[in-house]
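Here are the chains, one letter per residue:
Number of protein chains: 2
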Amino acid sequence: MIDRVYNFSAGPSMLPLPVLEKAAAELVNYGESGMSVMEMSHRSADYEPIIAEAEALLRKLMNIPDNYKVLFLQGGASTQFAAVPMNLIRRTGKADYVVSGQFSGKAFKEAQKLGYDVVCSATTKDDNFDHVPALTKDCFRPDAAYVHICYNNTIYGTKYPEIPDTGDIPLVADMSSCIISEPVDVSRFGVIYAGAQKNMAPAGVTLVIVREDLLDYAEPNMPTMLEWKTMAENGSMYNTPPCYTIYMAKLVYEWILGLGGLDVMKQMNEKKANLLYGYLDSQDYYIAPVKKNSRSMMNVTFVTGNPDLDKKFASDAAKAGLKNLKGHRSVGGMRASIYNAMPYEGVEKLVAFMKQFAAENPKA
Amino acid sequence: MIDRVYNFSAGPSMLPLPVLEKAAAELVNYGESGMSVMEMSHRSADYEPIIAEAEALLRKLMNIPDNYKVLFLQGGASTQFAAVPMNLIRRTGKADYVVSGQFSGKAFKEAQKLGYDVVCSATTKDDNFDHVPALTKDCFRPDAAYVHICYNNTIYGTKYPEIPDTGDIPLVADMSSCIISEPVDVSRFGVIYAGAQKNMAPAGVTLVIVREDLLDYAEPNMPTMLEWKTMAENGSMYNTPPCYTIYMAKLVYEWILGLGGLDVMKQMNEKKANLLYGYLDSQDYYIAPVKKNSRSMMNVTFVTGNPDLDKKFASDAAKAGLKNLKGHRSVGGMRASIYNAMPYEGVEKLVAFMKQFAAENPKA
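Residue numbers (the working numbering), protein chains in the order written: chain X, 450 to 813; chain E, 450 to 813.
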């Protein structure tokens, strides 16, 4: 067997090695159950403590207030692009979107496709999304049912430097690529949702954290499986949940709590990001296109300015055990996704490789 | 570690031991990839062969004609209850449902909730679903866009003895609890769908097999993630698929092909079902409520006639390593789900336990 690589994929992405090892050790036979977690009835005394513990650990980790429901769903953030307006827009009949990258654009387009009264209140499209929009309460229609943002833009490598102030309008945030990477004040949000496959678990479970008073606006004729209230009333078990993926999320939550929680996780993530951004700022071979106050701590984008060199970089890096550094197909260049599970040593090796590559591949 | 038990759960349910052992062995580091399958980008050279192979193996296993698309989705069969009418009903504007148990009833109610012109063409509700309706072409509106059935009723333990003849009307079948348990002529169906967690994989992936000419009727303003055509055009990767669960399905397909395919699987399943039904028919302590020509090969229901004895049965059986024999909470009694992965020995042990229980617990 070859060594494990450093995997800079934007998602699905690295999982903590101790989590994988624990999962492997108990895959065939979990505890005293006599079966795999994969085989457990979701309504059994074997499984129910697992999903209950997953929720309890996440509540502890994120300090989720009691008036928020925690849902473990399927379908990815892309399904929530439809579920958000279907569950919320009836509050006032209209909603406002901020388009700061590809996924927030997709969320906006989905709400439009469903026929709703939605507007794009702010965008940085004309700047190729190299920063997030500066937002104030005045950006939004005062009677909007909600304001939708993508908190961290995986593809462009940007993030809001602070939680936007939307006044009394509930803020809905796609946090797929920054969830549980640092502490966040959940009470500032109406809804937080996130696909799991970046910072939380393998692909296949979608987290929705929703304030209870926002559960009462679901469209009467929407697909039942997309109704947050139905899922909340059934403890995420209206139908069979993705049991094993939820179990994996539980192991990840345990791992972070074992390290000391989200304050420690943030320190570790800052240290990695500072190393990489610090190097980028110290030289002029690579260009980091994102404006400094919008930099993502999770996804670091850079280019050489020469697409052929960019291609060679990703290819040579993969040979050196640094995989999936190619930027998203829609933007090119390079992207290093350095989520919770990426060790500091992985970023050290990346910076060392970047230096070596720059020395060995002078620009014409 | 205690021994593995015989798990008669209706789903999630047993997986083949060799599949679990293989998954455990390669969980941390898959092949030459240097990473877990759980960590692989779905658009990587590491992962793409896995999903491609899963589809190829399933096509081989089920002998799926070329004019059918195979989709690996999320959300379970319950999400397809909404997706089916949203994708198909525009063909003619109305659809017919057969209600032969709880899940087919839910599918019908979901289509009604969405506001569509649907009728229940046949039901066995008045007989407490102890058999499936006898269906002929005349049961249905000739201009129905489709006829929906649930091919095997998990809760009641019934199954259609043959594929119903719906003439030119596309037949849509929920096969969640009998998929890949025996050969089936896919060309007789317009759409087959199935949650994976009974015969195919852990919970978290939903199979949809759809005839290509039925992809053109999606509602213009439906959730994109529920559109079969969008998923077909993107090879099930419009967004991140449940990668690891698809990998598990691939291992299960390999296991069945290694045994000899669905003809052999059917023989093995018949042998198990014959043993259990043969015993039930040979005695009068237990009652098997399902009419003989509607008996399911996958889910075998029986009662003692005394709810207290039923409860004791499930409890004593669990202590003997025969778990999850309690009937569905909506019907009571006992249910032995004997899917592909249940060994013959498990059914032998169950029958031996049933004999012992009957001897030791005489009815008053």
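Because the hints were derived from the structure by calculation, they are not lab data. One or more hints might be untrue.
Repeated chains share a single entry, so a pair holds when one copy, or any two copies, can fit it.
Claimed, not checked - Each computed DSS-like pair below joins lysine-lysine, with the alpha-carbon atoms no more than 25 angstroms apart: (1) K558 <-> K720; (2) K562 <-> K678; (3) K678 <-> K555; (4) K562 <-> K543.
Here is how each hint holds up against the structure:
no. : hint          : in the structure
1   : K558 <-> K720 : neither (36 angstroms within a copy, 54 angstroms between copies)
2   : K562 <-> K678 : both (23 angstroms within a copy, 16 angstroms between copies)
3   : K678 <-> K555 : both (24 angstroms within a copy, 18 angstroms between copies)
4   : K562 <-> K543 : both (14 angstroms within a copy, 23 angstroms between copies)
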